[in-house]
Amino acid sequence: MQIFHRSTNTLSRATIFGAVFVIAALFWAMAQIQRSPYVTYAGVAKPQPVPFSHQHHVTGLGIDCRYCHTSVETSSFAGIPPTKTCMNCHSQIWTNAALLEPVRESYRSDKSLQWTRVNQLPDFVYFNHSIHINKGVGCNTCHGPVDKMPLMYQFASLQMEWCLECHRAPEKFIRPREQVFNMRYEQPTSNKVVTVGDAKFEDQIALGRALIKKYNVRPPMDITTCSTCHR
Amino acid sequence: MMKDEQQIKSQGQDVCPGKKSQLKLEDVRAEIEKTSGPQYWRSLEELAGTPEFQEMLHREFPKGASEWLDSVSRRGFLRLMGASMALAGMTGCTKLPLEPIVPYVRQPEEVVPGRPMFYATAMTLSGYASPLLVESHLGRPTKVEGNPEHPASLGGTDVFAQASLLDLYDPDRSQTVTHLGDIRSWDRFVDGIRGPLTAQKALSGAGIRILTPTISSPTLAAQIKSLLSAYPQAKWHVYEPINRDNVIAGSQMAFGQPVETQYRLEGANVILSLDADFLYGGFPGATRYIRDYANRRNPDANINRLYVVESTPSATGVKAEHRLPLRASEIEGFAHALAGMVGVNAGGATLEGEQQKFLAGVAKDLQGNRGASVVMAGDHQSAAVHALAHAINAALGNVGKTVVYTDTVDANPVNQTESLRELVSDMHGGKVDLLLILSGNPAYDAPVDIGFADALEKTNVGMRVHVGLHNTETAALCHWHINEAHYLEAWGDTRAYDGSVCIVQPLIQPLYAGRSALEVVAFLGGQANANGYELVRGYWQKQHTAGDFDSFWRKSVHDGFVAGTAFAPKNVAMKGGNVPATNVEPGDIEINFRRDPSIYDGRFANNGWLQELPKPLTKLTWDNAALIGPAMADRLKLKTEDMVELDVRGRKVQSPIWIQAGHPDKSITVFLGYGRTRSGRAGSEVGFDMYRARTTTGLWFTNGVQIRKLGDTYKLASTQGYQTMETPTGERPLVQAATLEKYRDEPKFAKEGEPPTALTLYQPYDYKKEAYAWGMAIDMNRCTGCNNCIVACQAENNIAVVGKEQVVKGRHMHWLRVDVYYEGDRANPSAHFQPVPCMQCENAPCEVVCPVGATVHSTEGLNDMVYNRCIGTRYCSNNCPYKVRRFNFLLFQDWETPQYKMMRNPDVSIRSRGVMEKCTYCIQRINEHRIDAERADTLVKDGTLQTACQQSCPAEAIIFGNINDPNSKVSKLKSLDRNYSLLGELNTRPRTTYLAEIRNPNPEAEG
Amino acid sequence: MAERDDALGRSAPVIEPGHTFATVTDKISSIVLTRPTSRGWFLGFGVAFALTMMMLFAISYLVVKGTGIWGINIPIGWGFAIVNFVWWIGIGHAGTLISAILLLLRQSWRNSINRFAEAMTLFAVAAAGIFPLIHTGRPWLAYWMFPYPNTMGYWPQFRSPLIWDVFAVSTYFTISLVFWFIGLVPDLATLRDRSENRFAKIIYGMLALGWRGSARHWHRYETAYLLLGGLATPLVLSVHTVVSFDFAIAIVPGWHTTIFPPYFVAGAIYSGFAMVMMLAIPIRKVYNLEDFITDRHLQNSAKVMLATGWIVAYGYGMEAFMGWYSGSSSDQFLLWNRLHGPYAPWYFALLICNIGIPQLLAFRKMRTSPLGLFLISLVVLVGMWLERFIIVVVSLHRDFLTSSWGMYYPTKWDWMTYIGTIGMFLAAIFLFVRILPMISIFEMRTLLPEAEVKE
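Protein sequences appear in the order of chains S, Z and C. First residue of the first sequence? That's 56 in our numbering, and the numbers climb one at a time after it. First residue of the second sequence? That's 2 in our numbering, and the numbers climb one at a time after it. First residue of the third sequence? That's 47 in our numbering, and the numbers climb one at a time after it.
Just chain S, same shape as in the assembly (with noise of 0.2 Å):
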């Protein structure tokens, strides 16, 4: 007598094999969940008190970075504009337009603003503004084009293996110093060439190569070292 129907002959064969593959889509599905936006935020505009628009400021009004981000070439720390900065202007202008009335409330009440970070590192890791800028990386490098960006967002991943994209081969991403605050700029090709003081480059690596030497980077293995992030 028979206990199994003729079927299960394929069906056996069928799990056999199949549990590979589904096996082997689940790990890949857990691997991309981790790098979604979902996980990182990347590309996700978080919740603010006030709708601040960067493209506004920095397109429309041509505001340099650094009249708010004060400290981002001397700090660690960037710096996020005291209520006072917004007030140098919006006490002449837009004085009573009610989405800034939180400003004014801030300033009237003496009590801080509380915006929601956007570009949001774990504890362990220690990032320093202020060298990054100091050896050619541009502030969109890593912040993406904040003058397009009508509500702010993280612009890239910031997992590690992200990091070390650029810690492990600096010379693909890093410009002349003049150009840090440029968000205009845009990398070194045939027809659009960089120069730094009377030399000329057409790629990128090349010109990545110059400036390290320029700036005495530091090779990837002295930047790679952990405790170069983490303390």
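No wet-lab data here; the hints were simulated from the structure. Incorrect hints may appear among the rest.
To be verified - Derived pair list, reagent style BS3-like, types lysine-lysine, alpha-carbon separation capped at 25 Å: (1) Lys268(S) to Lys942(Z); (2) Lys458(C) to Lys716(Z); (3) Lys269(S) to Lys769(Z); (4) Lys653(Z) to Lys459(Z); (5) Lys101(S) to Lys96(Z); (6) Lys769(Z) to Lys268(S); (7) Lys358(Z) to Lys769(Z); (8) Lys710(Z) to Lys667(Z); (9) Lys770(Z) to Lys268(S); (10) Lys166(S) to Lys902(Z); (11) Lys710(Z) to Lys749(Z); (12) Lys247(C) to Lys73(C); (13) Lys576(Z) to Lys653(Z); (14) Lys227(S) to Lys247(S); (15) Lys202(Z) to Lys226(Z); (16) Lys752(Z) to Lys269(S); (17) Lys743(Z) to Lys973(Z); (18) Lys111(C) to Lys902(Z); (19) Lys459(Z) to Lys432(Z); (20) Lys975(Z) to Lys752(Z); (21) Lys556(Z) to Lys576(Z); (22) Lys770(Z) to Lys269(S).
To be verified - If you only want the chain Z side, here are some residues facing chain C, beta carbon under 8 Å, derived: (23) Pro149; (24) Pro152; (25) Pro729; (26) Asp820; (27) Tyr876; (28) Asn879; (29) Phe890.
Predicted model only: the values in this text are computed from it and were never measured. Ideal Cβ placement from N, Cα and C applies to all residues, glycine included.
Since the structure of chain S is already known, use the hints to place chains Z and C on it.
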């Protein structure tokens, strides 16, 4: 400008760099409000003596002590799982929660978020100031360092100053004004005291008594005086348990007036200490003396020689070339004999054998170094010994050269014991209506025979007011308790041992709206709502009549001290005439009462850093024990940890025994400050209260002690159980030491057993090509075992306190420890200190065995430890021959208490449960300086980058720097013959190396 | 033939005479299918299961509180967890040795014990596998020890013996599992065909993978089994060699020894066979299988134990000798410390258990007395556990810096976890003997006279 800074501090709304912790002072205050409830109830229970409290009394580990680790059970299962998930979050595979970021409203100019600021201030201990620079991260003081500009510090500090930071953030500090234990507002106190004050006005203050500790603050002294002038009949009493009555009496005896004695050790070839522990914090000027002593320890230059006669083994005794253990009462005899030999004060008795040989050697040595020698007497030695020391120094022509006399730092140098006795008799006499106790804790630490606590409780003093940081035993017996402001919260001034005035500048607004003693006194003096800043500034405005005051004031505040206020040396004539021998009737067993090396007189009992700080010789933590010598132990069949009852002339106390090699026979040493009942989660019911046996007759030592074995034992938590390099299979050369002669014959003696550099199968990494190769040299000739480095490291690197139970299990977390090794005869051994941080081995055994690569080598030769990568196999620790790695066996860090959140160094990760940690050479400091240098396109300048331990070391025994720079200080030291690596034969190539210890004994004094 | 057997002491047959294909099949399959489950079984299983629950409780508490609930500290970073790990792994060696190596050596006597020896191996390795995981400070991150493409762009550290362990142990477990299962297939088919209960039929049927016993099946089966045998053989040596590297690679005095690999493997087989004895003797009694597991089997196992015991003894000797001969003060001290230190009693107990008592096996009388063998096996298992304790704890507690010496006191949680794993192991064994043929039916049949090919 200073006011601006106050502004900043007051705002304290900070965007913390790397968003470590956003803390608003207000929020913290709010949170603290919430927590203050239960603590307040707890104190009531204590008064009521509820069963729970009784039970707590009898537990070996009171709730307080276990608090540190039981945090887990308090949090409960779910929240802990939450924490674990958060840890898992470190992998980056769970998403981070949204985080607020809070900018200033108006950002002060000088504030650069992400860069700390340093402010000069000073801490006062028993009247003597430690000049300090305090690091502040956006309004939160995070690290105390010595003020390099000030001669009393030169960058060094003592353990108490280092640990005072934790006191500021102590969650058990008293947080409100209380009346009979109920929370009251300051205004209610104002109303409460108005009546009594007006009443006293009529009596011109006949009923007013003020009891203060030793006061050196010019402003406070002036305030008290003005208060006394307002109430002419009022009296000012002074009492400190660790007082200098004998010193004063001694100088009275010698010169007929109280003087301060300062020593100039850099000029001394020969130093004789008569029971003076001048190389450990708590001795006035110790920080400076350690530096001067250390500067004379270079065996290639003119090395000095130290003789120590002492009644209990001390850090100073360890450093001595020749050490003579004598019972405290015998030291006066020795001093007489010595005086006789140097030709003053005839009629000194003679000694026998050992002692005589020692005496002869010292005498000859001293006379051979007239004008270049010092004789010091310990505070707890009799007035006669001090007088004799003065006489001997005079006879040796040291006065004006190595010994200098000045006015006293103490603004009111009275005999404090008598002062207190007088106060008590007045209280019994019903003469006291209004008693103001300005800090201090006499109800706990006054000599028992004076019976201060009883007087406070029984006598009908109309109004008793206590001002203090903690709601102490004394506060419990007062009507009113006023929460005092910590010195980092309030303005003030004080004097260093050399008399120079230090300005005490607050770094943060009072966390609990506390008031400084200065403000309270000023208020009583009639200045309503007087504020400290105005008072201090006002006082100095009066003093500084000539010239522009503002620039003077700004400079003084900025520098932290008022230039030119150091006392001028003063010429005092010896009264002449023999110093009478105080006749002590011979008793069999003697007892010494000493301040505790860690918690001083008990005021630091609730300071976890100090409680867990291993005491210099016993390495004991969280307890005090009765120290006895080996011979005595054998006679009485006592073992370490045996409980005994000490009967000190009818006053009985119990204590565990600790057998201390080198302790004089027929003598017991006990340490004060333990057994507190109202100290807080760390200090309450920890150790044994020895004040209960301390009387005015035997303030420092007395005889006629009965010792009785109780039969039971008591677990003591020592961090170093085995204290010798001797093993049954031979001695291990861990500390390399030699006499000066041996060193001269064989300069490289320390280097034997070090393998050649080329001894490796692998291609070694070429560190020479790097800009930096960090290294450290520790000069064991300079190290005096003062323990500063340990506390400094703990503060700088957010190191957790684990509690007694865990220390007993061998799980203390100190990244840097100071090992002590004894050699030779246990009755009087020689000993060595050896600070042991991570060796940062170039061939690090820990690295190859870590499965996840959580500890790896940096190109600058550092052995990086990446906490967030660690999964906690503990393999690295097993494989570390130096055992410098520390593991978070449980959740040791307190993640909850808001005060601690404010205290922590934002540049260092807080390690959580299950990860390994260890010394990093202060990588956060290295990175900061390297980055600054790189921005300026230069290299880090030698000496500007200091590790926390190096910075705090008063002896400059720890030198850190770039060994790729041949001119750096560390390279120079490493090139010396004395330089050797610990366990060099293992070929680990440690970056931390040691300079062998060279002793300079006197052949004629050899026993 | 007969007298040669005698001379070699193989007089006892590997299967008692008078058996036929039918009787063999009946006897073995009946244990699973028809024989009613005894009260004794329920009792035994109940106890074992309770102990397993105790272990789970201990482990959950560990996850909540942290490894601090154990006796470990600095300097003794490894305690019971690693001791037990090595002990269990060692025990897990007999199975593969018997089934694979003896298969290749055509040792037909293995046929009656290989099945449950392999099962025993699997359960032992499973018990061992728990410890490396839970002994870490943050078990929930233990997966970092596996190389997988991660967002950290960072790989495990392949120089660490612990990583080698991960691979060695997991490979060993997988291969053993497959090997065991393949061996089971024909018997599962037998059970499928013989069981009346439909549910059982379906379960066994699924596991039998449609085995029909056709010539093609048998042909492929033989090939596969032989290949796996070849594959498993080197593992017997590799696994414990790698485990021994955990110690040999380190610089701790008492660990840093080249002799570790061989003497770990020997020790493993030593304890492995001891465990086989411990199980075989009661089982053959309870299920009266004396016909199949004969004195011959006991004797051979005893001989293997005796031999490996000597190798282990030699290992101890060399350790002591090198300690003295090395001239290194720390090694010399280690030797002194083992003999006179606070843990000296443990060391002497170890010598007695592993070297002293087992010498009784030299007497045939002892080798043929089940009770005697049982007791000696017990002693050996204790001894081997002590050996690991001495190696792990006593080496660590006093190493280079005298200032950092310490003591190790196991806590109740250490004991609960250890005893718990024994419970888990036994529970698995109980289930195994109840639901699977504990002796390979078809392989037993090959031992019968009928199986001899007649030309």
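Do the alpha carbons of Lys247(C) and Lys73(C) lie within 25 Å of each other, as the hint requires? Distance of about 19 Å is within 25 Å: holds.
Interface hint compliance - Pro152(Z) to chain C, C-beta minimum distance less than 8 Å: It is violated, given that the least Cβ distance between Pro152(Z) and chain C is near 35 Å, above 8 Å.
Hint consistency between Lys202(Z) and Lys226(Z) [alpha-carbon to alpha-carbon, up to 25 Å]: Holds - the C-alpha atoms of Lys226(Z) and Lys202(Z) are around 16 Å apart, at most 25 Å.
Supplied contact hint for Asp820(Z), tested at 8 Å Cβ to chain C: At about 4 Å, which falls below the 8 Å cut-off, the nearest Cβ of chain C leaves the hint on Asp820(Z) intact, so it holds.
Does Pro149(Z) meet its interface restraint, that is, does its C-beta lie within less than 8 Å of any C-beta in chain C? Hint on Pro149(Z): violated, closest Cβ of chain C at ~32 Å, above 8 Å.
Is the Cα-Cα distance between Lys653(Z) and Lys459(Z) 25 Å or less? Since the Cα atoms of Lys653(Z) and Lys459(Z) sit roughly 23 Å apart, the hinted pair holds (cutoff 25 Å).
Holds or violated: Lys227(S) with Lys247(S), Cα cutoff 25 Å? Distance of about 16 Å is within 25 Å: holds.
Taking only the CA atoms, is the gap from Lys770(Z) to Lys268(S) under or equal to 25 Å? Status holds; Cα separation ~16 Å.
Tell me if the straight-line CA distance from Lys710(Z) to Lys667(Z) falls inside 25 Å. holds (16 Å)
Distance restraint between Lys459(Z) and Lys432(Z), which requires alpha-carbon spacing of 25 Å or less: Answer holds: Lys459(Z) to Lys432(Z) is near 14 Å, not above 25 Å.
Can you confirm whether the C-alpha distance between Lys576(Z) and Lys653(Z) stays at or below 25 Å? Answer violated: Lys576(Z) to Lys653(Z) is near 42 Å, above 25 Å.
Taking 25 Å as the top limit, are the C-alpha atoms of Lys269(S) and Lys769(Z) close enough? Roughly 22 Å separates the two Cα atoms, so the pair holds.
In this structure, the earlier hints numbered 7, 11, 13, 16, 21, 23 and 24 are contradicted, and the remaining ones agree with it.
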